[in-house]
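Chemist: In case you want the letters, here they are:
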Amino acid sequence: MTAHSSTINAVIANRRGRTRRYAVVLSVLLVLVVAVFAVTLAVGQSVTPPGDVLRVLLGEEVAGASFSVGQLRLPRAVLSILAGLCFGLGGVAFQVMLRNPLASPDIIGITSGAGAAAVFAIVVLSMSGPIVSVFAIVAGLGVALLVYGLSFRNGVAGTRLILVGIGVSAMLQSVIAYILQSAPAWSLQEAMRWLTGSVNGAKLDQALPLLFALLFFGGVLLSRSRDLEALRLGDDMAAALGTRVSRTRMLVIVAAVGLIASATAATGPIAFVAFLSGPIAGRIVRNDGSLLIPSALTGAVLVLAADYVGQHLLPGRYPVGVVTGALGAPYLIYLIIRVNRIGGSL
Amino acid sequence: MTAATLKTSRGRWSAASGSNRTRGLWLAGLVVLPLVFVFLSVTIGTRNVGWADIAAGIGGAQDNIGRAAVALRIPRTFLALLAGGALGLAGAIMQGVTRNPLADPGILGVNMGASLAVVVGVAWFGMSSAYAYIWTAIAGAGGAAIFVYTIGSLGRGGATPLKLALAGAATSVAFASLVIAIVLPRGDIAGGIQSWQIGGVGGATYQRILPVLPFLAVGFAISLLSARKLNSLALGDDLAAGLGENVAVARAVASLGAILLCGATTAICGPIGFLGLVVPHVCRLLIGVDHRWLLPFSALGGACLLLAADVLGRIVARPAEIDVGIITALIGAPFFIWIVRNQRVRDL
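If you read the protein sequences in the order shown, they are chains Y and E. Residues 1 to 346 (this note's numbering) make up the first sequence, in order. Residues 347 to 694 (this note's numbering) make up the second sequence, in order.
Excised from the complex, chain Y in its bound form (with noise of 0.2 Å):
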């Protein structure tokens, strides 16, 4: 009987310790993502008084602070953050859904798919504005259910997923680099946003549809993290604790696409955001808890981090794309060497 109790005071405890710690590394990243925001926001060219940045958050006119900080620096923010979280949340539920670090939406052609849909609407079609992000996701659907379909052969296999998206991904990547070589007016900015994504000449109003894209389909993939964990377990074990496989897998990924293509239409798709994020989340929350939050709050500090490196700490300008690619071309063939030598898991 004590025996007993014991051992169930000692899963208490056990259980009490994880979710003290999962707080604590929650407000962490919290803390983080507002400490980054606050340097980008203070700090540039030249370097703005924490007062006056305040007084220009709150809408004052502020002499020589009003348009470095309002203008350049806010709208920049404010959309790395966005898309940062944006591609946080929908690479790790892609990850943690298929059990592979390696099928994140960036590396199976969900990112292309959608940049390549981006890309098209705006350079051939003259499009622009929130219909752009409708023709991404759709896209993005499309190629998510043209690579799950392609890779099903009695059930599917995470390898041949993964190789299957990298094909569907390379032709994709050709579909974009032909768009560009085609455009009619040849614009480097044009081009690096779409090659490797970049925040430059953001502006306000490109962050509010993008703000509704996550509060909907973070909405969405948040209600569902409960199940999305169940499938970490595998699909039968999943099934057995009561999870309608099928019918999560498919709002998850409706969800994960909606949020990545929202994301690659208005910065285009920053290289690895979403492969990095939930490894990185996933060492540091271990197995204290679900990984989409942490996933979303590192994937912002990745974008913001990347963009400031990348905009004053480097000599030379470099798109935000860039920085995140030199970071993630390293760890993917680490990943590949660890998942090799020991077999795979987030």
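In case anyone wonders, no lab produced these hints; they're calculated from the structure. Here the structure is a predicted model, which means the values were calculated and not measured. Worth double-checking, as some hints may not be accurate.
[Unchecked claim] Pulled from the structure, derived: some chain Y residues nowhere near chain E, Cβ distances all over 12 Å:
#, residue
1, 42
2, 219
3, 247
[To be verified] Here are some of the chain Y residues that sit facing chain E, going by a computed Cβ distance under 10 Å:
#, residue
4, 168
5, 171
6, 326
Glycine is no exception: its CB is placed at the ideal position from the N, C-alpha and C atoms.
Since chain Y is already given, all that's left is putting chain E on it; use the hints.
Modeler: Same frame as chain Y, but now just chain E:
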């Protein structure tokens, strides 16, 4: 698993592969076909040129735009023949050496490795001479090949086709991203990102082609001479060793040939993917798995396909051109997916 898939696919292929007579017919066809494509490549372009000007242009006259355009098409055609032949042959060698139906210089990251090496050399070490380009590209190709093969053979089961392809594709993605990171901020690098991300044969001149010729020649020679060794390797390592073949040396020599071909090609054209995947498979369907036939066929077939892709790229988007690397990806990627689907897969 490799042996099993090879055996089943062999069964299917050997049924289609005919006698020496059918091979001879196909060979004749494959000699005529490049000639047809050469003719098309010289006569068809973004600009429509009359027959008289074409004849004059071939003769070297450049006194009006049409003739000058034709004169430009000749080295370009020559380069497409060389590059296509090299990549087709390199693909066949890689599939033979790794005994992997998914092997291709593009998919295994070899071309991107060469591209990355050149970009690093140009951007950070101020490299500019043609020979420096070529040596660097070959070193990059070799490094990438060894790297990918090592990663792909880690862990359970050794270098299975899917593991190797995954390692190669991921390495390729990673290298491509590094290439962007290095070239994007540097407006001064010749050709910009486009030409180091996507290969093309446009803008070829004899001055650019000439330095790679010796490298390609050595590469072709080594590759074609290793046909017999590849036939032994196809029996499996144990049996090949039993037949007196030094397996490791055979692999290394054949790979060296392929790496020379890929490196030299990438140094002038940029990375062209999927060509080396498609061509050997089609050739195997036509003439069977004997490498003594397969290798020359793959070279000729590669030359045909690249020329055809280049001509196609010039006519579908007039007045603009599409780089041949884009066309080969559009043709080759579905083929790649088809092969992946037909592989029996065990999860990693």
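Chemist: Could you run down the list of hints and mark each one as holding or not?
Modeler: Verification of the supplied hints:
1. 42: About 26 Å separates residue 42 of chain Y from the closest Cβ of chain E, which puts it past 12 Å; holds.
2. 219: holds, 32 Å
3. 247: Check passes; 23 Å lies beyond 12 Å.
4. 168: holds, 7 Å
5. 171: Check passed: Cβ of residue 171 of chain Y comes within 4 Å of chain E, closer than 10 Å.
6. 326: holds, 4 Å
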